[in-house]
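Respectively, the protein sequence lines represent chains A, B and C.
Heads up: the first sequence at position 93 corresponds to 92 in numbering that gives the first Met the number 0, and the numbers run straight through without jumps.
Heads up: the second sequence at position 180 corresponds to 179 in numbering that gives the first Met the number 0, and the numbers run straight through without jumps.
Heads up: the third sequence at position 21 corresponds to 20 in numbering that gives the first Met the number 0, and the numbers run straight through without jumps.
Please keep in mind that the hints were generated in silico from the structure rather than gathered at the bench.
Careful: at least some of the hints might be erroneous.
Below, in silico cross-link-like pairs of lysine to any residue (SDA-like), each with a Cα-Cα straight-line distance of 20 Å or less [unchecked claim]: (1) C:K12 - A:A79; (2) C:K47 - A:V127; (3) C:K10 - A:F159; (4) C:K47 - A:V33; (5) C:K47 - A:A79; (6) B:K322 - C:A105; (7) C:K47 - B:E22; (8) C:K123 - B:E219; (9) C:K81 - C:E57; (10) B:K209 - C:G106; (11) C:K12 - A:R99; (12) C:K10 - A:R163; (13) B:K209 - C:S108; (14) C:K123 - B:N90; (15) B:K209 - B:E284; (16) C:K47 - A:M125; (17) C:K12 - A:I95; (18) B:K71 - B:N54; (19) C:K123 - B:D197; (20) C:K123 - B:G198; (21) C:K123 - A:G135; (22) C:K123 - B:E284; (23) C:K47 - C:G106; (24) B:K195 - C:K12; (25) B:K209 - C:T99; (26) C:K65 - B:G212; (27) B:K209 - C:G71; (28) C:K123 - B:P21; (29) C:K47 - B:G186; (30) C:K12 - A:G135; (31) B:K209 - C:T87; (32) B:K209 - C:V97; (33) B:K209 - C:R104; (34) C:K47 - B:A28; (35) B:K209 - C:Q94; (36) C:K12 - A:M125; (37) C:K47 - C:A72; (38) C:K10 - A:V154; (39) B:K209 - C:S126.
Source: prediction; values computed, not measured.
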Amino acid sequence: MKLTTKNLALCAVLTALALGLSTLENLFPVSLVVPLPGIKLGLANIVTVFALYQLGAASALGILVARCLLGSLFAGNASALLFSLMGGVGAMLVMILLRRVRGLSIYGVSIAGAAAHNIGQIGAAMIVLGGTAVLGYLPVLLGVSLVTGTLTGFVASLLFRAMRNIHFTQ
Amino acid sequence: MCAALAALMLVSLTACGKTEEPERQELFAMDTYMSLAAYGDGAQEALAAAAREINRLEQELSRTVATSDIYKLNDSGSAVVSEETAALLKNAMTYSAATGGLFDVTVAPLVSLWGITTDSPRVPERSEIDALLPLVGSGHIHMDGNSVTLDDGCAVDLGGIAKGYASDRVAEVLRQYAVTGAAVSLGGNVYVCGQKSDGSAWSVAVQDPKNTGAYAMTLELTDVFAVTSGGYQRYFTGPDGTVYQHILDPRTGYPAQTDLLSVTVIGQNGTLADAYSTALYVMGEQAACDFWRQSGGDFDLVLITADGRVLYTPGLADHISQKGADYDFQEVSA
Amino acid sequence: MTSKRSQPELKPKPLDALVVLAVVLLAVGAAWLSYGGKGEGALTATVKHRGQVVAQVELSSLTEEKAVSIDGAYHLTITLDKTGAAVTDSDCPGQDCVHTGRITRAGQSIVCLPEQVIVTLEGKTPSADVILG
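The following block holds chain A by itself, in its conformation from the complex (with noise of 0.2 Å):
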């Protein structure tokens, strides 16, 4: 990845973009249904998949980063950012994989990147709490991410057809 000015500043408009997900998504309380510290739903997944592909993985991972870090930040503990940064790079790496297989639409794509965001802020409440008795609440959450991967897949199709003739980066 080349750091340019116009590539540096479009990061930061995206990272900037994903917090403000972050924090959207702090109206839908899911902590209500599986009452766990910093679980979150994943809508801050529509940045990744719109960075992965318009970006490169690169500046995805650096977006990403900088967003769970200046979250935790925000939200002022250090669990929240395990849980974001497991969720996250979860995510962000089975997309990684998955986006070059031919026949997977961006929804095959956000779903399994939703699914992985779960597993693994799972995995970080397991890491947290200690023990595996936070593996009930995968089975809902996994639940929760066919919508929020779908909608995810959505919003980001329907960016990339809107862009079609935008390019960012030469």
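Chain A is already provided as a structure; the job is to place chains B and C on it using the hints.
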């Protein structure tokens, strides 16, 4: 197509996982921990409404909330209270008269002296207690419609009745929703109604006062209120090692000296059950049994005595599903 | 100028269904792992602090005592072992949570009001739905 498929999967997933689990709600209110569970289509709404009702009552009846009826009454010695507060005070006075003053909301100054509801309980001097004893007695409450006046220095604390009243109100709220069964515990003030998803009644265990890991007995109940009072629930240890439990005898101003470890009152009125469980605990075994006989069987009782017996009234005989091994069980004669 | 990183497929493809299927299978697998494998008497201890789960442990999986610390306005130590749970230490004023003692049966709970801590035991066959006292 994909979205539809996903939605379908989600529905089937949640449907198979949720058939047997009730909706639950927990809250900290009225200086206690409350947990509510309900089955039925309207369970979630019903529990939310119940929680709102509990919070509303706390604002009205708490002694420590500065805008409450009770705070204003204690603060200025007289107040015009809500219809509801007035009715509850009237009930409290009735229960006080019925129990010979062993349940009495005017015990408040003594409760404050002992610091029982505060962070720093202490053992007061005899002279301090004697100075406050004359302030105890429902005769110090004067009511004219909704306007209430207290004699000088007196105060009321509805702590011994408010949770019971809240359980009555919660029962009323649940009735307005599509609830097929519910079990509610407002800091030990229990209300059960309807049935569980498998059609069975609720199993209600009476805590073994001597062994926290065990139950003295288990009852199968529904559509009743139940409250247990016992000194083992809340106590503090004085500087000399003496254990002081939280239920005061309004006659002496000291923690109740009783041959009972706990009293459980089961009946159709949560407020009454709350008030009577405290009074009967202070009374002791003999007086409590007599009191029950004279009351004409309006309610049922489980008394656990210090010498290891569980006494239960005949109305409960068919509801007992388990008896604690460490106790002798006896039916109270009518 | 038109070298895009990769142009995604914007319309759902048949292969996407495979992803959905994989997620569902994972969910079923996880459900089986956490609910199916449990024995009749298995107890799970859950510690909640101000509404949030801070520890959830299947007691039978413990080989030695496990301490859970709560740090808020007050400090509590909750000790979990193979068969039960207890608040073994607290600097809260009332000490009700410590006085509650050890709980060993599904359905029982320990509550610390000032710090809003709830320790509950859950199991497949709860000993009671509600506990009086």
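Violating hint indices (sorted, rising)
1, 14, 22, 24, 27, 30 and 36
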